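Turn these sequences into a full structure, and let the hints guide you.
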Amino acid sequence: MTVEEIIKKDLGTIIDVRSYGEFMGGHVVDSINIALNEIPERLEEIKNLTMPLILCCASGNRSNQAQQLLSQQGIECYNGGSWLDVNYYKSK
Numbered sequence: 005m006t007v008e009e010i011i012k013k014d015l016g017t018i019i020d021v022r023s024y025g026e027f028m029g030g031h032v033v034d035s036i037n038i039a040l041n042e043i044p045e046r047l048e049e050i051k052n053l054t055m056p057l058i059l060c061c062a063s064g065n066r067s068n069q070a071q072q073l074l075s076q077q078g079i080e081c082y083n084g085g086s087w088l089d090v091n092y093y094k095s096k
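Take the sequence shown: its position 90, counted from the start at 1, is 94 in this note's numbering, and no numbers get skipped.
Check before you lean on any hint, since a few could be wrong.
Stated by the list, open to error - Pairs of lysine to aspartate or glutamate, EDC-like flavour, derived with a Cα cap of 20 Å:
1. Lys94 with Glu9
2. Lys51 with Asp14
3. Lys96 with Glu9
4. Lys13 with Asp34
5. Lys94 with Asp14
6. Lys94 with Glu42
7. Lys96 with Asp34
8. Lys51 with Asp34
9. Lys12 with Asp89
It should be emphasised that the hints constitute simulated quantities derived from the structure, not laboratory data. Here the structure is a predicted model, which means the values were calculated and not measured.
Structural data, given as structure tokens:
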């Protein structure tokens, strides 16, 4: 299953890893905000979310870093890239 299909079928949880200020400027409906720098201290919370995780940010760079970090912890997650792309897939 592709990331686009996971988003369209509303499987898992969408996490926006941008800062709170960026998130408040616009985000995917029903996504949650956990900034990239907060991930290590919020691992237990993240592990309790519905999997798989779709990670997004402004361009895909921070979500790629988050994906690598979480994958090393054995968490099923995918880099969704830009939150605008994820939002587009969700609206289709």
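Can the restraint linking Lys96 and Glu9 be considered satisfied, given a maximum Cα separation of 20 Å? Satisfied, since the Cα-Cα distance of roughly 10 Å is no more than 20 Å.
Is the Cα-Cα distance between Lys51 and Asp34 20 Å or less? Given that 20 Å is the threshold and the Cα spacing comes to 18 Å, the pair holds.
Does Asp34 sit within 20 Å of Lys96, going by the straight-line distance between their CA atoms? Holds: Lys96 and Asp34 sit about 15 Å apart, inside 20 Å.
Take the C-alpha atoms of Lys94 and Asp14, compute the straight-line distance between them, and say whether it is at most 20 Å. holds (8 Å)
Given hint Glu42 paired with Lys94 - CA-CA distance at most 20 Å: violated (25 Å)
Holds or violated: Lys51 and Asp14, Cα atoms, limit 20 Å. holds (18 Å)
Measure nothing beyond the straight line between the CA atoms of Lys13 and Asp34; if it is 20 Å or shorter, mark the hint as holding. holds (14 Å)
Given the hinted pair Lys94 and Glu9, is their Cα-Cα distance within 20 Å? Satisfied, since the Cα-Cα distance of roughly 9 Å is no more than 20 Å.
What's the verdict on Lys12 and Asp89, does the C-alpha distance respect the 20 Å limit or exceed it? holds (12 Å)
Consistency note: the structure conflicts with earlier hint 6 alone.
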